[in-house]
Amino acid sequence: MEWFNSVWQRIEAAFITGDRWKLYLKGLGVTIEVAVFAALLGMIIGTLLAFMKLSARKDGRPGLLNWIASAYIDVIRGTPAVLQLLIMWFVVLKTCKNGILVASLTFGINSGAYVAEIIRAGILAVDKGQTEAGMSLGLNKIKTMRYIVLPQAIKNVLPPLGNEFIVLIKETAIVGYVSLSDLTRVANQLASKTYDAFTPLIGAAVIYFIIIKLLTIALEHLERRLRKSDNR
Amino acid sequence: MIIVKDLHKKFEGNHVLRGINYHVHQGEKIVVVGPSGSGKSTFLRCLNLLERPTGGEIWFDGQLITDKNTDINKIREHMGMVFQNFNLFNNLTIMDNITLAPAKLKLMSMEEAKENALSLLTRVGLKEKAGAYPSSLSGGQKQRIAIVRSLAMNPRVMLFDEPTSALDPEMVGEVLEVMKELAESGMTMVVVTHEMGFAREVGTKVLFMDEGLIMEENTPQEFFNNPESVRLKEFLSKVL
Numbered sequence: 007m008e009w010f011n012s013v014w015q016r017i018e019a020a021f022i023t024g025d026r027w028k029l030y031l032k033g034l035g036v037t038i039e040v041a042v043f044a045a046l047l048g049m050i051i052g053t054l055l056a057f058m059k060l061s062a063r064k065d066g067r068p069g070l071l072n073w074i075a076s077a078y079i080d081v082i083r084g085t086p087a088v089l090q091l092l093i094m095w096f097v098v099l100k101t102c103k104n105g106i107l108v109a110s111l112t113f114g115i116n117s118g119a120y121v122a123e124i125i126r127a128g129i130l131a132v133d134k135g136q137t138e139a140g141m142s143l144g145l146n147k148i149k150t151m152r153y154i155v156l157p158q159a160i161k162n163v164l165p166p167l168g169n170e171f172i173v174l175i176k177e178t179a180i181v182g183y184v185s186l187s188d189l190t191r192v193a194n195q196l197a198s199k200t201y202d203a204f205t206p207l208i209g210a211a212v213i214y215f216i217i218i219k220l221l222t223i224a225l226e227h228l229e230r231r232l233r234k235s236d237n238r
Numbered sequence: 493m494i495i496v497k498d499l500h501k502k503f504e505g506n507h508v509l510r511g512i513n514y515h516v517h518q519g520e521k522i523v524v525v526g527p528s529g530s531g532k533s534t535f536l537r538c539l540n541l542l543e544r545p546t547g548g549e550i551w552f553d554g555q556l557i558t559d560k561n562t563d564i565n566k567i568r569e570h571m572g573m574v575f576q577n578f579n580l581f582n583n584l585t586i587m588d589n590i591t592l593a594p595a596k597l598k599l600m601s602m603e604e605a606k607e608n609a610l611s612l613l614t615r616v617g618l619k620e621k622a623g624a625y626p627s628s629l630s631g632g633q634k635q636r637i638a639i640v641r642s643l644a645m646n647p648r649v650m651l652f653d654e655p656t657s658a659l660d661p662e663m664v665g666e667v668l669e670v671m672k673e674l675a676e677s678g679m680t681m682v683v684v685t686h687e688m689g690f691a692r693e694v695g696t697k698v699l700f701m702d703e704g705l706i707m708e709e710n711t712p713q714e715f716f717n718n719p720e721s722v723r724l725k726e727f728l729s730k731v732l
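Protein sequence lines, in the order shown, are assigned to chains A and B. Numbering-wise (this note's numbering), the first sequence opens with residue 7 and increments by one. Numbering-wise (this note's numbering), the second sequence opens with residue 493 and increments by one.
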């Protein structure tokens, strides 16, 4: 009973006193907002970069677009995300006071590099014979890509893209560096305030876990639907 | 119909085709045989520019298709191709496999394309597979569908790249049967194959390729009964 009372007190202090659960919800809102914007931007940048990297000059050698995409991916993958965030906040977009915008842009630019490689690999994994068959029927490169290769590539990229999105959600936990109150920062602040690290931190971890588990279930569902044509 | 002049193809230091000259006439069934690595598949794939030749000319119905300004997609509409590995579109049903190109290239309305597909499928006895996906078909069925898919474009010539080499033995017959019927209907065909029986029975001309050249060309009768070169004699003694 004694033990139960003390646990309850800690829970009360961490989540209930002064409607503190609202702070977690707000923090979660920030986390999700940044992750969703970044994922969308990352998809757009990643798709563009992937096609740039797949492009070739007439003679089959890599051209300027290819070089630009490779350089982008190298720089982004070669530096820590925290540093990229700090550089964006304190240097590149120094005058912008909207932390959510800066964080979304940073993570979008960052995620784009990884998404590019995922999409490129997904397209390359589609058998070359599929393209050749399309071309042999008189379809041009764009139509072959649009009707034959891409629909098959989407199935290939869905699992690693889901993975990338999950990583992205958790990576936003560093936005506290630019004074955004996301889920992690809220938990950390309440830990100092209540002199109890365990309860708020574990609480935040559970919230992350639930969100990502739900996302995983949704992705598995989508994957099953797309695999329909494989086993009919 | 197809005129090939001094065709060369090099892959990074590997000289695969070393000057091929040939003339395919309307209605002919040209069968190309030869040892592996002789360049026969590369030769066939050059005819619709799936491989870009590194030298020489290819003319199709009076058009120089190796010219950079020729719209090769337009040319390919008239040249059907059947692959060793079928290459049916895995993401589409059989019906969509067949109707995709005619409909998207606006050669036919969707209804016409579907009607045409159904009548072709009936011809090869696979009408009931129209709604199925390629993964549910046997190799022989896939290859018959692949032939139908090419025929749906009403091609003027059909190119076959070892169409039975990836099949289980018991399925070879059904595919050759479809090809025979197609030959009888008057289609111009160029067939790379290891099926000597088919070459003898259906071919109007048989070519022997070795080391990137056409070494010998003759009617099936003469080709198999009176081979001239030593290389061909050796080859035939191995495969017959």
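Some hints here could point you the wrong way.
Stretches of chain B that chain A covers, calculated by requiring three or more beta carbons in the stretch to come under 8 Å of a beta carbon on chain A [stated by the list, open to error]:
{"hint": "1", "stretch": "504-515"}
{"hint": "2", "stretch": "592-601"}
Here are the computed distance ranges between Cβ atoms for each label pair [as the list claims (entries may be wrong)]:
{"hint": "3", "chain 1": "A", "residue 1": "HIS227", "chain 2": "B", "residue 2": "ALA658", "range": "57 to 67 Å"}
{"hint": "4", "chain 1": "A", "residue 1": "TYR183", "chain 2": "B", "residue 2": "LYS502", "range": "51 to 61 Å"}
{"hint": "5", "chain 1": "B", "residue 1": "GLN555", "chain 2": "A", "residue 2": "ALA62", "range": "25 to 35 Å"}
{"hint": "6", "chain 1": "B", "residue 1": "GLU549", "chain 2": "A", "residue 2": "PRO166", "range": "41 to 51 Å"}
{"hint": "7", "chain 1": "B", "residue 1": "GLY678", "chain 2": "A", "residue 2": "PRO166", "range": "48 to 58 Å"}
Since the hints were made in silico from the structure, they are not lab data. The C-beta atom is built at its ideal place from N, Cα and C for all residues, glycine as well.
So, going through the hints one by one against the coordinates:
1. 504-515: With 0 residues close enough to chain A, the hint is violated.
2. 592-601: holds (count 4)
3. A:HIS227 <-> B:ALA658: 57 to 67 Å: violated (35 Å)
4. A:TYR183 <-> B:LYS502: 51 to 61 Å: holds (56 Å)
5. B:GLN555 <-> A:ALA62: 25 to 35 Å: holds (26 Å)
6. B:GLU549 <-> A:PRO166: 41 to 51 Å: For B:GLU549 and A:PRO166 the Cβ distance comes to about 46 Å; the hint holds.
7. B:GLY678 <-> A:PRO166: 48 to 58 Å: holds (51 Å)
In summary, the numbered hints that this structure violates are 1 and 3.
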